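Enquirer: Chain by chain, the residues run as shown.
There are 4 protein chains.
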Amino acid sequence: MDERRGKTPPKRSSRGRRSVSQSSTDSYSSASYSGSSSEEDDVSPREKHQTNAKGFSDFCVKNIRQAAFGRREIEIAEQEMPGLMALRKRASGDKPLQGAKIAGCTHLTAQAAVLIETLVACGASVRWCACNIYSTQNEVAAALAEAGYPIFAWRGETEDDFWWCIEKSISNEGWQPNMILDDGGDLTHVMFKKHPHMFGMIKGIVEESVTGVHRLYQLSKSGKLTVPAMNVNDSVTKQKFDNLYSCRESVLDALKRTTDIMFGGKHVVVCGYGEVGKGCCSALRGLGAIVCVTEIDPICALQASMEGFKVVTLNEVIRQVDVVITASGNKNVVTRDHLDRMKTGCVVCNMGHSNTEIDVDSLRTPELTWEKVRSQVDHVLWPDGKRIILLAEGRLVNLSCSSVPSFVVSITAATQALALIELFNAPAGRYKQDVYLLPKKMDEYVASLHLPAFDAHLTELSDEQARYLGIGKAGPFKPNYYRY
Amino acid sequence: MDERRGKTPPKRSSRGRRSVSQSSTDSYSSASYSGSSSEEDDVSPREKHQTNAKGFSDFCVKNIRQAAFGRREIEIAEQEMPGLMALRKRASGDKPLQGAKIAGCTHLTAQAAVLIETLVACGASVRWCACNIYSTQNEVAAALAEAGYPIFAWRGETEDDFWWCIEKSISNEGWQPNMILDDGGDLTHVMFKKHPHMFGMIKGIVEESVTGVHRLYQLSKSGKLTVPAMNVNDSVTKQKFDNLYSCRESVLDALKRTTDIMFGGKHVVVCGYGEVGKGCCSALRGLGAIVCVTEIDPICALQASMEGFKVVTLNEVIRQVDVVITASGNKNVVTRDHLDRMKTGCVVCNMGHSNTEIDVDSLRTPELTWEKVRSQVDHVLWPDGKRIILLAEGRLVNLSCSSVPSFVVSITAATQALALIELFNAPAGRYKQDVYLLPKKMDEYVASLHLPAFDAHLTELSDEQARYLGIGKAGPFKPNYYRY
Amino acid sequence: MDERRGKTPPKRSSRGRRSVSQSSTDSYSSASYSGSSSEEDDVSPREKHQTNAKGFSDFCVKNIRQAAFGRREIEIAEQEMPGLMALRKRASGDKPLQGAKIAGCTHLTAQAAVLIETLVACGASVRWCACNIYSTQNEVAAALAEAGYPIFAWRGETEDDFWWCIEKSISNEGWQPNMILDDGGDLTHVMFKKHPHMFGMIKGIVEESVTGVHRLYQLSKSGKLTVPAMNVNDSVTKQKFDNLYSCRESVLDALKRTTDIMFGGKHVVVCGYGEVGKGCCSALRGLGAIVCVTEIDPICALQASMEGFKVVTLNEVIRQVDVVITASGNKNVVTRDHLDRMKTGCVVCNMGHSNTEIDVDSLRTPELTWEKVRSQVDHVLWPDGKRIILLAEGRLVNLSCSSVPSFVVSITAATQALALIELFNAPAGRYKQDVYLLPKKMDEYVASLHLPAFDAHLTELSDEQARYLGIGKAGPFKPNYYRY
Amino acid sequence: MDERRGKTPPKRSSRGRRSVSQSSTDSYSSASYSGSSSEEDDVSPREKHQTNAKGFSDFCVKNIRQAAFGRREIEIAEQEMPGLMALRKRASGDKPLQGAKIAGCTHLTAQAAVLIETLVACGASVRWCACNIYSTQNEVAAALAEAGYPIFAWRGETEDDFWWCIEKSISNEGWQPNMILDDGGDLTHVMFKKHPHMFGMIKGIVEESVTGVHRLYQLSKSGKLTVPAMNVNDSVTKQKFDNLYSCRESVLDALKRTTDIMFGGKHVVVCGYGEVGKGCCSALRGLGAIVCVTEIDPICALQASMEGFKVVTLNEVIRQVDVVITASGNKNVVTRDHLDRMKTGCVVCNMGHSNTEIDVDSLRTPELTWEKVRSQVDHVLWPDGKRIILLAEGRLVNLSCSSVPSFVVSITAATQALALIELFNAPAGRYKQDVYLLPKKMDEYVASLHLPAFDAHLTELSDEQARYLGIGKAGPFKPNYYRY
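These protein sequences, in sequence, are chains A, B, C and D. Residues 1 to 484 in our numbering are what the first sequence spells out, letter by letter. Residues 1 to 484 in our numbering are what the second sequence spells out, letter by letter. Residues 1 to 484 in our numbering are what the third sequence spells out, letter by letter. Residues 1 to 484 in our numbering are what the fourth sequence spells out, letter by letter.
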């Protein structure tokens, strides 16, 4: 549900034509890193004929027989996704998505399944595919198919499979989608390009990723966006919770599972002090690491300084550090030159939004030897015996090698669901053919859905206080530009 | 330079007519809390005739002979205000404020003096008064007068003095101001009401406080704002640095100087988890206090929860806590009912933006006895012997009882200076008759001026990286809605 | 190498006769938790005939062909064990253990292999077995056998196997051990009981575990200890590093790998605030958990209070907490009654020194259903649907479900090696037939061996300073009772 | 009550003859630093004749009329000294010091007054003097005199006064002390040398300071100690609470009150990582400082490393740091050479146990200019304009410039009271003519007295658990060598 979770394209970049989805090729392992590759049969799902217990067969997954295991994973996720579950409960009466026909394209994980089943509980019907060829949890896809949803996704799709699955989610006999939930913009793009008539019938698009949002703004600028869209990526719930806390929670875990490294006293450099970098730095310091930071933006650099993280250039510290973590959203932040100067045993990994931050390709040269020591762990050996420990080949290490807490994902997923409800039910004219941020009141609502999990008790304003502040007692409580 | 520093009016509130400046009556002690009141002679400065060493007499301060001491205070402040000093150095050549005539109204502290002398170094001429009747450092005002600036300010002005000083800063023979630097909006208001012709000649207003900004937006809405204004209060440098870090730095200090309290293991409730509350919570936890939080806004409440601060209502915890700190910007957050239920020895104080948060008036009843035990420390005694320790009578405890680091003030002051430069030099048409936020590039510039103090080294983008990110190599580095 | 790592017996307890080693039955998974059980062939190693590449066959391991994989694990461990490697280097010249014949009984892990090969590099010859039937890393045992060491250990030994392996390490034709390195006291006990003549030839015993040390003190009290022994368990390097930091480093990891739990805002109760509890509390707070503590000892309780951890009884909080962690070294700290009152979803695990802290047996009753959801993770279901998540069936969760950093183990292992060197080389009369703590100077030496890993630079005393302090320039720097 | 609080002599050093008490000359300001010197009349108290309201005149204080103010200070201290107050309550019935005649010599502060009145409540009679010529709170001494206690102490005693006061506390007509409570050993020394017969009647000595304990051990070694003595300095309550937490609580405060420094991002070097250094480092990091450490002891250095404080030599970092804090207990840790290389604006201060750590004398040379900018704050100017900020002329900055929390002092004071009770009531033969540490059970009792202040709830052992652990249900809970 997160651009950082397995998507490559840059922020605000303009790039050339691409015939296939670049984002779909970024590898993505299962939610729960096991350290070993699961072996599965080699027959393509598209060549299999599978039916669920009720004889339903409008789906394409790896193995429908894994459904029971997938269902348990979904149930476990449900317990950590209080926002969606509360929404499901509240919406089960008035069915705010009754009549909605959603074409969905997201990472297909247990958490996504909780979202999908929440949308259905709200009255929607869905068709769904994966936004990434590596990220599907096959057993979860099976569980959804077993429950009777048209799911088209498996781990290890080919490029051709990828587009086929998207196509299956868009068009089917007797199915005219009226809403899109997208992560990366590929489904939107396909419908826009290949099914313009269908696209004209859409009431609203909800997009989560940096890339997808970028594409929507491009469409909007060029006057081609004929439908209102919600930019979920930049909502406060995504930026200040999903990005910050999912990284704070997962960075230690990803490093431990792969390297069993000790953190106490380790010198770590984190490249980038945005939300992702902030989360990493906080977690690492909590276990006694000595953390420094690189930044291009003086404001973020000043924040790092005030928090006691020394701001350095990578060149200054590269010879001394024990761990290098990229979290910049940029490309070639760690170059071959840096890699050449690291000390032996240095661990290199990426927490940023794509696999471009570390110039991994530069390591694929004859004089260097690669040793795969564990799943997702490569030792790269220099001729003089130096050994660099590269994790997940530079892809997102927390997604590749650890898990992301369902609770944090729940915050973003609830935001997506509310965005769908808002667009689907908005009176004519409230939203034009443009890209919108979710109204603050809905951000606040999403947050409120997650407070009971902490047994957190909000204070209510008195009438007098509300008057004094000049706001409503039920919010919104802050101006739109408030930074949190 | 901060609304929180001694101003009462609420955010976004609408209140009735007020004949005198309410904000000007909020007490404010010196930057450096001494615990004892300095005794000075009782003659009103307006009745004295004073001249500086060069025979200059266009000023009105408490005692020109304190100038040397004030000069040392200014010099000490200069060392902690690298942003202003860098600006002074860079601007001394091209004099970007040559021709600017600034009417200024701010707290008149050593830090303000550094700002004033920086503006002069940039080519401006100034007339200056205080925005608060208690906050002037008399020795600093003397030092400025000695240096030849028309300063009209002393600690303990009467209401009449207050308006007289403003008037002296606005109008003088042969002086037509063309810029306003205001904190609270009183000078702006006077010029607007009493000197409309003069007001018509103003090129720009820079306003720092919540209240002043609120007034400007009101003017703008009603179509009466005839000049562009900069809202410095909501710039990232103010919100994310001045508010957050000046509170993190001063809350412990204020409590220690007044109560000698031990923090380890103390139960503290912080009312409000905005930037001020975040700063307080972080500092208190750093010394081993057990901190909980009250909030009205579910998003801030969720942030507190994720950071491990339990979100409670004040009613739940009021009987158990050792310290109550208000930081909400709201009124009557701590009521007499709460005060009645606190345990004996409980410390109550306010870090928020005005003196309305604790209902101190409710304690002025016959059955309660007040004992002044130190400067700014009252023990309020209940009939049963219960003793509540009230700090600064509910005014801002960090300003009343400790000091605020010059460095943090420097960030805001540099923002004010740049806002003046920008408005003064902007080509016609760039700014309309409206209220603006400082362009992000200037926020970034302000931040960059403060990095050398930390020996922080920024990383520069390569051309390729800038292209990839779709931004300029020199910034701005983030979209306007970025939250930091 | 740590009592806490897989041994059951209590501290200072007196228990009845035990015919088999109770400690040997505590389950212990591999250093690196994989979440899946590895399947191996079922033939007992004792029935196999294996030889290494050089034809050597005086060993008994699971599968000699795993040697290459084990060797790599040893090499990885070597990089994180600078103390042992430095010792190996320094001792390779003067061979301080030349002539030593060591009978060893420890957990047989990669870290133990580094210790064993260090002892050999110091001139010793060894025979070795495992002190726990579950803890052997088979591939490491294979690597050691391949290198020509007589190793008798595999994961999943029967009780009979266990004693057979010990016997093989003690007696062999032409082999008279003169030193013992023990963890738990089983090898010592067997030699003392069954080979009294051999025992009479021993020059010294080095014992690491709480239990083994307890047994030695018992022997000493009853006048039966005929040989000097070193108590490594209570050395500062063990207590203040191994116990504290190995837990700080592993508690988050163990919980994440098994439950993917989010820590931010979670309510956790840690039972016991000794070194283990201190490590857990520090790590959990670092990620935003709200941590409270139970204690029986008022001094430790006061420490917890000063650090901001609320000291409670388990009864007070059991209905609210999300996670219960035992770290007390006591038994039945979490009872069925507590388990009955936990809320659904509560996670229960043990970081203490044995599997007695949680009364797991009380959960094996007909009305409760156990579901194994992952390796080492059981869901226990109450009739009303309540679900408790029990980790590692109450055994040490960090050892069962995560890894312990080699670096911390290195500190204890270097202490063991130095203790052997000291006892082996001590002039007659320095040590009597008693139990000793390692001389402080050696503790300091062990610490100094680990400083280069942090690039830490010690300051040297001047002559004048040493005189002033009344200590030698090379230490020892503190009195024996110093607490660190 | 703390060696660190104003005493010069080194640990374990042997120094030559000294005719006057060196420790008595170390300056010591009032508990609550005001930044200004209070002016008092110049008549020596010895020349005044004063009587209290009841006509009692067996005392010598500055001004008996300050008694009311002193009484309030004592009452405030009582509220933060729960251990002593609980002891007072419990002991008021059985009067465990009935018949005790205590000659006391300590810092004479509000906290000491609470101790003295507790001893009296336990049945003791007392005579009291100050152990330091600067540390007496005159108003507190007045309050005690007003209450009828023979007190001989004032701030600013001459050396002659100092010895006269001690003499007055020892000998008076009809007064034969039988217990000594000493801090520094001066009273003990005088009685031993000048009143050997009286000394022979003493039942026990309780000594708190490093120096005094050192002297007792010397006496004991040379066979001259004819009475049992308790070493309170090395009890766990002193080392792990008073030293650690009083420094953690006071270091920020002392720096803020004197320099108004901002901590965020400041580079600080702390010389020494014992309990004092640990407390400083923890507090500084809590506010965002970047802290490094110097150490001579590899064990403490390894602790610092694991906690994420880089261990450096002072020479490496001296040119870069913003603040230097000594906490080593050593001499000349900061030399003129270091001072010459510091950057301008560097703050230098001492938190260690005496004023020897910074070579302040080396700064009193003609080429350097001293400017006193505030009380306890000197700017030392180099010929090139460099300015070093020296606090309290190298004396203990937390005692000179801030306050120490009464709560922490209460822990040590309660230990002193219990040590007196133990020695006074011990059956013949329990204590020989030697120096003892307080029995662990009493340490635990002292701790337990302070838990209610935190509303901390201890867990009780069941019979079964106590048996399992092999300890009594009421403790002691740990072996003597336990480090906490």
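A couple of the hints might just be wrong.
As the list claims (entries may be wrong) - Cut-off 25 Å, straight-line C-alpha distance, at most; resulting in silico cross-link-like pairs (DSS-like, lysine-lysine):
no. : chain 1 : residue 1 : chain 2 : residue 2
1   : C       : 440       : D       : 310
2   : C       : 221       : D       : 441
3   : A       : 89        : C       : 440
4   : D       : 343       : D       : 310
Stated by the list, open to error - Chain D residues, not near chain B, derived (Cβ > 10 Å throughout):
no. : residue
5   : 195
6   : 267
7   : 345
Hint data in this document are derived by calculation from the structure and do not stem from the laboratory. All values reported here derive from a predicted model rather than from experimental measurement. The beta-carbon is built from N, C-alpha and C at its ideal position, and this holds for glycine as well.
Enquirer: Evaluate each hint against the coordinates.
Expert: Hint-by-hint comparison with the structure:
1. C:440 with D:310: Judged against 25 Å, a Cα distance of about 24 Å means the pair holds.
2. C:221 with D:441: Roughly 24 Å separates the two Cα atoms, so the pair holds.
3. A:89 with C:440: Violated, at about 64 Å.
4. D:343 with D:310: Judged against 25 Å, a Cα distance of about 20 Å means the pair holds.
5. 195: holds, 38 Å
6. 267: For residue 267 of chain D, whose nearest Cβ neighbour in chain B is about 8 Å away, the distance does not exceed 10 Å, so it is violated.
7. 345: Violated: least Cβ distance 6 Å, not greater than 10 Å.
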